[in-house]
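Given chain V's structure and the hints, the job is docking chain E onto it.
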Amino acid sequence: MTGRVCRGCGGTDIELDAARGDAVCTACGSVLEDNIIVSEVQFVESSGGGSSAVGQFVSLDGRRHIHHLGNQLQLNQHCLDTAFNFFKMAVSRHLTRGRKMAHVIAACLYLVCRTEGTPHMLLDLSDLLQVNVYVLGKTFLLLARELCINAPAIDPCLYIPRFAHLLEFGEKNHEVSMTALRLLQRMKRDWMHTGRRPSGLCGAALLVAARMHDFRRTVKEVISVVKVCESTLRKRLTEFEDTPTSQLTIDEFMKIDLEEECDPPSYTAGQRKLRMKQLEQVLSKKLEEVEGEISSYQDAIEIELENSRPKAKGGLASLAKDGSTEDTTSSLCGEEDTEDEELEAAASHLNKDLYRELLGGAPGSSEAAGSPEWGGRPPALGSLLDPLPTAASLGISDSIRECISSQSSDPKDASGDGELDLSGIDDLEIDRYILNESEARVKAELWMRENAEYLREQREKEARIAKEKELGIYKEHKPKKSCKRREPIQASTAREAIEKMLEQKKISSKINYSVLRGLSSAGGGSPHREDAQPKHSASARKLSRRRTPASRSGADPVTSVGKRLRPLVSTQPAKKVATGEALLPSSPTLGSEPARPQAVLVESGPVSYHADEEADEEEPDEEDGEPCVSALQMMGSNDYGCDGDEDDGY
Amino acid sequence: MDADSDVALDILITNVVCVFRTRCHLNLRKIALEGANVIYKRDVGKVLMKLRKPRITATIWSSGKIICTGATSEEEAKFGARRLARSLQKLGFQVIFTDFKVVNVLAVCNMPFEIRLPEFTKNNRPHASYEPELHPAVCYRIKSLRATLQIFSTGSITVTGPNVKAVATAVEQIYPFVFESRKEILSFTT
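Quick note, the sequences are listed as chains V and E, same order. The opening position of the first sequence corresponds to residue 0 in numbering that gives the first Met the number 0, with each subsequent residue numbered one higher. The opening position of the second sequence corresponds to residue 0 in numbering that gives the first Met the number 0, with each subsequent residue numbered one higher.
Isolated chain E (complex conformation):
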């Protein structure tokens, strides 16, 4: 997706979550009974609808708010949301597609080296927290970007952020820090 200035890092986006409103009340039972691609969770009051192309899962609430997950890019998320709105239209609702917003992006990224987690945590104290009792990764928060990074000792980093750009910037920002406390790979195996 985006490359660092020095080293090309592949940031693989694995999930994009977006929300939008239809500005109309949705009769969940109608959706549940007339759609083939739905799961109706009556006790929770929501309907899950899945689309094949793009492969997304949407949570439909009767208030008309819809959450789409599973897309792998922002454009795909938008496309999926539009398709979903269209299928709701086909079901006979007066759907108005508004307030579309990407709310969360999950991405993974592999560093070409390993990371000394204790050292890294010590150097980046207020932002990083490392609790092996709870989680094997260091949790690093970038407040300004509202991004959270999970840094594993193997060098793989999981990033969550509010949008793709923030995720990319977060990786760019974290790179020098993890580079500082990297571990040289001893056995070169290709």
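Chain V extracted, bound-state conformation:
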């Protein structure tokens, strides 16, 4: 209870008095809680293995809580009573189980708020309780669903007066709220309210209304009242801006009711986005077209240039003929240059053509040069692609075959669904996921370094445990098993079933079972004593295992339980005889069984036996366990063997 805050003054210094059972704020002196013990749920383990809650006085506690919270929300008595009724319904349907009391109570109160139409938000409750809204919302939804209460949809108009009051408009309060309501109606008609928080809508409406009535309210002031984020409010305002109503003047707005409705803002936003996308696409297409045009012009220019060049080349060549060797080299250089240029032109042309093809544009443009170079590119690509591994080159199929064969040679899964179907699995890629040895070593090293502390702690822990084990003080934490799972009751008659059920879960600690036994034993004789006992040896064993060695040393559990059970079972009607007899042929060995575990246990009786070692303690259990299992097999519940171990946890 250290993290608690006083509800009255916000102080954190809270004094808990365990003796009186109350919590008092030392700052303001208000009693935050009394009868603390009552509000906590305690569990006791009953002898039957189950646990039950005690000391929880639901009605009293719930009423107090509801009053406390309801008064903070300023709800009237009628609402509080309704909330309490909801709470009682929730309790009677066990909806409080597994949930915090405060959550359930808050949900009940909110349910009332919704049905009664009071201007409270779930957020207010979460504010009071300091609990996440969504947690409360979950509880609320569950309660509403389970109790079949159809809360009417929230009307944002409810909150207007409340928020208007908080914004302090003074005398003009009424007018402002009326304007805000009108705005809100308009917003509703323009589909602004679906899927939106009512408080955000209210905030936007109030802000606009306040401005319309010449009040200077900032966005900040409004959001502190309506409790939404600033951006949310701004979004609502911009959405409102988009509606035709926002184009009206104040006077017009007060007089005119526009007939048409708008599409939801989210929808229009989506449409706008879509349109923008389309526009973008169109634009990019156009851009490409223009580019194509430009490049075609470029091409034409290049061609023109080239056409004019050969003449120069020819001139140069003629010059070279009669010139010196130097000239020829220079001319050669020149030729090379021109060739280079040609290549470039061809390349640009090629680019353009590729564009065209991609765009699916018109093919017709002047293309004369560069056609011999066409073939140059794809082979280059191909040669690039060539070294990529193919399945055959890397011998994947071989490795797969190998894997499959090794798989089939494995004896473990020859049939059934256990076998991993390898079809379509590319082993090579999987191999890539797995690091090779050196990489693994590096990673391991890194990991070890990073987690050195954890590893050290782990080692220390192990060492400690080992030490404790040596000293014999180690307590093994056995996992807590749920007590829900019980063996199914198998009985041939209703009476027997009820008896077994009674035995399995002790209904009340206040029933005097011995008297009951006496009653039932008075009903009939006990001729089926022998075959009755193996039947109950299961439960007998259960009880015997549950006992601590010390208690077991006191008396033979099987016999003692057997004694208790015998009269209970002995009152079986005549029908039972048939089943008993039917079981008998298979139980010549079983007949002697009830005796055997007894004998074993009697042996283990002396205290000295258990005192020397704990580990040996299991053995007698195992020994007496075996015949019990076989006795149970007779009854048809084979899985008892594993159930029995779980019973230890109780």
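Worth double-checking, as some hints may not be accurate.
Distance condition first, Cα-Cα at most 20 Å in a straight line; then the derived SDA-like pairs of lysine to any residue [said to hold, decoys possible]:
#, chain 1, residue 1, chain 2, residue 2
1, E, 64, E, 31
2, E, 121, V, 115
3, E, 64, E, 102
4, V, 442, E, 29
5, E, 164, E, 144
6, V, 137, E, 149
7, V, 226, E, 135
8, E, 29, V, 441
9, E, 49, V, 432
10, E, 142, V, 140
11, E, 49, V, 427
12, E, 29, V, 444
13, V, 442, E, 89
14, E, 121, V, 188
15, E, 121, V, 141
16, E, 142, E, 168
17, E, 40, V, 454
18, E, 142, E, 103
19, E, 45, V, 451
20, E, 49, V, 429
21, V, 272, E, 154
22, V, 226, E, 134
23, E, 40, V, 446
24, V, 219, V, 160
25, E, 52, V, 430
26, V, 442, E, 45
27, E, 29, V, 429
28, E, 121, V, 149
29, E, 142, V, 147
30, V, 137, E, 147
31, E, 77, V, 429
32, V, 137, E, 124
33, E, 142, V, 149
34, E, 40, V, 433
35, E, 49, V, 431
36, V, 442, E, 31
It is worth saying that the hints were derived from the structure and are not from the lab.
Same frame as chain V, now just chain E:
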């Protein structure tokens, strides 16, 4: 995926979650240290493993139970699970691929109209719940199919169900109800 009898509705499956068992204990540290595509969450006791093809993420628990998420069809989920089991085999575990089960399918679907949520909620009371304070969508549960639908005012519907078939049936079932409380689109923009 599946089409309604009257109107063709595209149901786009966005996520398929499946589980399977390997029936062997998995040494998480070994997986973590020898795999390149893993994240080891030691404090939680799980390893996340990602595959590229199909693009799935698997949560591996040391008990041998594995949860795969991120597939976009049931077949893909199965394929991914098998691949995952294979890679575990390659890591040297005696993996047996059993108990494969698709547990959850998430799909989205767009209605060609908008939906009046308050009206829709009122008409389908016990199943639908609409809390704008908590969530902008109506939550509609179909108990028999174990499917949950989130219905938004714009007409888009998110469906979660135990398998693809259930999701498809859920959409088929919900269609007449949302059609009832649809809103005619006023501004036709293409």
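Hint check:
Under the criterion of a C-alpha separation no larger than 20 Å, the hint pairing residue 64(E) with residue 31(E) is consistent with the structure, at around 16 Å. Note on residue 121(E) and residue 115(V): the hinted pairing holds, with a Cα-Cα distance of about 17 Å set against a maximum of 20 Å. The suggested pairing of residue 64(E) with residue 102(E) holds, with an alpha-carbon distance near 13 Å, which does not exceed 20 Å. With a CA separation close to 11 Å, the supplied pair residue 442(V) and residue 29(E) stays within the 20 Å bound.
Only pairs whose Cα atoms come within 20 Å are accepted, and residue 164(E) paired with residue 144(E) is accepted, the gap being roughly 9 Å. For the proposed pair residue 137(V) and residue 149(E), the alpha carbon gap of about 15 Å is at most 20 Å, so the pair holds. About 17 Å separates the Cα atoms of residue 226(V) and residue 135(E), which keeps this hinted pair within 20 Å; it holds. For the suggested pair residue 29(E) and residue 441(V), the alpha carbons sit about 13 Å apart, so the restraint of at most 20 Å is met.
Taking the CA atoms of residue 49(E) and residue 432(V), the gap is about 9 Å. The hint holds against a cut of 20 Å. Distance restraint check for residue 142(E) and residue 140(V): the Cα-Cα separation of roughly 16 Å lies within the 20 Å cut-off, and the hinted pair is therefore satisfied. The straight-line distance between the Cα atoms of residue 49(E) and residue 427(V) is roughly 16 Å, inside the 20 Å bound, and the hint therefore holds. A C-alpha spacing of about 13 Å is found between residue 29(E) and residue 444(V), which places the hinted pair at or below 20 Å, so the restraint holds.
Taking the CA atoms of residue 442(V) and residue 89(E), the gap is about 18 Å. The hint holds against a cut of 20 Å. Pair hint residue 121(E) plus residue 188(V) holds up; C-alpha atoms about 18 Å apart against a cutoff of 20 Å. Under the criterion of a C-alpha separation no larger than 20 Å, the hint pairing residue 121(E) with residue 141(V) is consistent with the structure, at around 18 Å. For a cut-off of 20 Å, the pair hint linking residue 142(E) to residue 168(E) stands: about 12 Å separates their Cα positions.
Between residue 40(E) and residue 454(V) the CA atoms are separated by roughly 15 Å; this keeps the pair inside 20 Å, and the hint holds. Note on residue 142(E) and residue 103(E): the hinted pairing holds, with a Cα-Cα distance of about 15 Å set against a maximum of 20 Å. Proximity of residue 45(E) to residue 451(V) is assessed by CA-CA distance (about 19 Å); at most 20 Å being required, the pair is judged to hold. With a C-alpha separation of about 11 Å, the suggested pair residue 49(E) and residue 429(V) falls inside the 20 Å cut-off, and the hint holds.
Restraint check for residue 272(V) and residue 154(E): the C-alpha separation of about 16 Å stays at or below 20 Å, so the hint holds. Among the hinted pairs, residue 226(V) with residue 134(E) is consistent with the structure: their alpha-carbon atoms are about 16 Å apart, no more than 20 Å. Between the alpha carbons of residue 40(E) and residue 446(V) the distance comes to roughly 12 Å, so the proposed pair stays at or under 20 Å and holds. Of the pairs offered as hints, the one joining residue 219(V) and residue 160(V) holds, with about 19 Å between alpha carbons and a cut-off of 20 Å not exceeded.
Distance restraint check for residue 52(E) and residue 430(V): the Cα-Cα separation of roughly 13 Å lies within the 20 Å cut-off, and the hinted pair is therefore satisfied. Only pairs whose Cα atoms come within 20 Å are accepted, and residue 442(V) paired with residue 45(E) is accepted, the gap being roughly 18 Å. Under the criterion of a C-alpha separation no larger than 20 Å, the hint pairing residue 29(E) with residue 429(V) is consistent with the structure, at around 16 Å. Among the hinted pairs, residue 121(E) with residue 149(V) is consistent with the structure: their alpha-carbon atoms are about 9 Å apart, no more than 20 Å.
Proximity of residue 142(E) to residue 147(V) is assessed by CA-CA distance (about 15 Å); at most 20 Å being required, the pair is judged to hold. Between residue 137(V) and residue 147(E) the CA atoms are separated by roughly 15 Å; this keeps the pair inside 20 Å, and the hint holds. Taken as a hint, the residue 77(E) and residue 429(V) pair is honoured in the structure, with Cα atoms around 16 Å apart against an allowance of 20 Å. The hinted pair formed by residue 137(V) and residue 124(E) meets the criterion: a straight-line CA distance of about 17 Å does not exceed 20 Å.
Distance check on the hinted pair: residue 142(E) and residue 149(V) sit about 18 Å apart at the alpha-carbon level, within 20 Å; holds. Among the hinted pairs, residue 40(E) with residue 433(V) is consistent with the structure: their alpha-carbon atoms are about 18 Å apart, no more than 20 Å. For a cut-off of 20 Å, the pair hint linking residue 49(E) to residue 431(V) stands: about 13 Å separates their Cα positions. Restraint check for residue 442(V) and residue 31(E): satisfied, since their Cα atoms lie roughly 9 Å apart, inside the 20 Å limit.
In the structure shown, no violation is registered for any of the earlier numbered hints.
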